[in-house]
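Residue numbers (the numbering used here), protein chains in the order written: chain A, 1 to 450; chain B, 1 to 456.
Misleading hints may appear alongside valid ones.
Listed next, the stretches of chain A that the computed footprint assigns to chain B, with coverage defined by at least 3 CB atoms under 8 Å from CB atoms of chain B [claimed, not checked]: (1) 14-27; (2) 151-162; (3) 171-185; (4) 269-277.
Calculated directly from the structure, the hints in this document are not laboratory data.
Glycine included, every Cβ here is placed at the ideal spot set by N, Cα and C.
Each chain, letter by letter, is given below.
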Amino acid sequence: MTEPVTERWAVGKKPGRYYLRFPLNERIQHLWLMISVFLLIATGMPVYFHTVPTAELVVRWIGGNPVRETLHRIGAILLLSLAFYHIFYIVLTYRGRERFKALLPTSKDFRDFWHMLKYYLGLSQTKPLFGRFSYIEKFEYWAVFWGIAVMGITGLTLWFPTVAMLFLPKWATDVARVIHSYEALLAFLSIILWHFYNVHLNPSVFPMSTAWIDGLISEEHMREEHPLEYAQVKDREEEWVWVLPPTVARPEVAAAPVLAEIRVVSAVASAWGGSLVGAAVLVPILPVLALCLWFINPEESGWVLALRLASFLVLPSSAIGAAISVALCLQGRSAGQSVFTTFTGLLGFYLSTLSLWVTFAAGFYVLHWFFPSMKIATGVMSVLLLVSLLLGLVGGIWAAGRGKIKSQRLFHRPEDTEPKATRQPLSTEMTRPENTPHRQEYEEDRYEKS
Amino acid sequence: MRADKPMALTVAKLPTNPTGLQGVGRIDFERLTGISVNTAVAAGRFLAVGLVVLILQSVGAAETEKCLFCHSSKSPKRIIFKELTLDPSIYFASVHGKKIACTDCHVGVGLTLEEHKEAKRQVDCARCHGEAPSVVPPQARNRYDSIHQIPREAGTVQVPTCKGCHGTHDIEPLSSPFSRVHKTNIRATCGKCHGNPDSPVAKKAPQTSIDYDRSIHGRRENRPGVWTATCTDCHLAHHPRAKDSTAPIEKTELPSICGKCHKSIANQYRRSIHGRALKAGMKDAPVCTDCHGEHTIRPPTEPESTVHPLHVVATCIHCHENRLILRRYGLPSARLSTYRKTYHGIANQFGDVRAAECASCHGAHDILPSTDPRSPIHPKNRPKTCGKCHQGATENFAKGTIHVAPSARSDVVVYWVSVFYRVLIACLVGAFVLMIVLDLPRRLQTAIRQRGEMHG
């Protein structure tokens, strides 16, 4: 039991102790799944929504239906190869077997779910204590497991109809096609609503949980979300990673000269930067916007409407971005910090507004199946829009706060954290922790305390 | 007719004032002599013509020679009769030149000016070329009762008569490539009105001859030796108009008209359900032009064609989604919407020409109902039909419906599976939204508390 303590200096990561939740192998599996599912959704949705003019637009854009078919099949091969790889992983490796056992549903999950409902409704003051995987994560895993099996079998039937119909009557392939399309929609809605809520929009992780990139979750997060597992692993140092403050981990980076001494230059730069990010932030929200408009009005081209709406938004958004950025700069932040904070704030605003709006839109879309003649009154729509905007405002302010904290590390200036007098020479007492226990030394170095 | 055609021999109208002396010395002349100019010229011509005819008759000249003495453009007298002259060589080279004298057409030419004018109107081709037996061979005898006659009877004179298409003194035999009604020249002859934007018919069908030039019949670029259908091949030059309509061609006759060249296809069509329906008197049944277009006919390989894989669906549903027609003949409905829900329909909509469209399975000219054992969609023939694209298709391809809306009665499994999924998706989406709505306030609470701790 040697203890090679890993030391890192991660950009934008709070110094502290992190648990390695997903090793590289599992992160690659997630990336593999993500790429193939995105590819499959992008090339499959136009077929489901073929009545929408946007669908034809998308298909023409990617080079016609034969290209779309080929890309979809490439996605299918990627997904199926991942499925086989994953089966080998959970059968052949020790870690895989352990994880698989931990993912099997138990009676505790149902009790936890019930407990959680009580907690939500205020009937219980405590949250249920989760182990390695909560019932939410188990549900997501088994949904993907089931989804890949169903989509794989029905998809192969559609890919090779002649082979399938050596054994099956034609109506069975019709059933396969119906299942394939509805299961795809179910997977798509699950990802958009449920998975994205859990890993993006959830206030604990907003704007994104970085665990899928570096595999790390903080000690606080472990204590909060996986207390049972935390109790087991908190002393196994080899499974933990230390993120050190930049002054300790990379003195040469922290000591780099700071350019933004002149406030005017800084203000002009932040005005330009703010207006640019104000416009640029519309690009990532464009697909979400198009999706909303798709759901609300399947007759019209959502993509075109979204582009038109964005072109109306681009100037106001840019102006607001510049204003916020300059205001932050005049409060004493560097240009980089204010522009970054503006960006996260605006992104938070748009994403929070649209996330509620996409939920409403998807709800209406599903309602239309059962009440095809249903019309939504303009009044109802305006109220929903207002509610979405309100949530957007809250989300925006909150995201700007997060952005401020992140930007302090991204665009770190020593004078932000240290008094001018002690800035030079660089404190020589701050060195790497030589040996365990690191914890106390780390607490002393924690530069937020200054 | 217009004067700008290369071979046209202009016989212009007589001017209202034959002297052509308006304003120039006219008043002086009349004041001096007390005789009107018209009278003087008429008297002069009368004397001159009378004199010449008398002389010619006395020397025993032929009829035509007598006319040409004044009416030849080569004659020294031509200056007086400028508008009424013609090059005798052109007339003698024409189909009539050898045997027909001027007076055979210009019947009853008298010596007075009025009688002379009258002679022009007396020209009536039907004297020889009518239905009654005459000197001309039977194939050159016709009853001229085409669509062109209708406005003519109504008093409009701009429609072509015989000379409008055939010309006057320069008529060539039909076999001559210089004839205006030779196969190669018909398009230009008809195009004088039907491709001319100034013509009154341009309003009704402005594109007709332009469309024709672009069609497979009009282009003929790849087949220099083959003469494809021209205007008169379909519209039949002297054809009687349709009995109870003003259409140029009776709908029931179309298959035989196209079948003049497309023989085997016409026979296929006559055996098909559409051909049989037409024969049974159902006027809604489609004929060749309903699917292929008229002047715009193109091969199905061209994207502009109405029977190109990407357009044939729109062509078929023109009737098969027409509620009136569906109800009148008891045809199955929702052909388009159910086809568009199949993958074939979606790929076709996305512009994929490989995907099966109507004609791929149902056939084109030999369409038959699925109950007919000869039909390509009869269950027995389906493996073969599907096998055209899906090589190695088995009889399992026939065990199921193709484009029929699933309901609790047909396609039971598909119907109930889709109902199950709709309910499942609705429930799950509802559950997700509910969980998010419940979770969000608690998370926000925690986030705000942690933030307070961090700063406080």
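Evaluated hints:
no.: 1; hint: 14-27; result: violated (count 0)
no.: 2; hint: 151-162; result: holds (count 3)
no.: 3; hint: 171-185; result: holds (count 11)
no.: 4; hint: 269-277; result: violated (count 0)
Of the numbered hints stated above, those contradicted by the structure are hints 1, 4, listed in ascending order.
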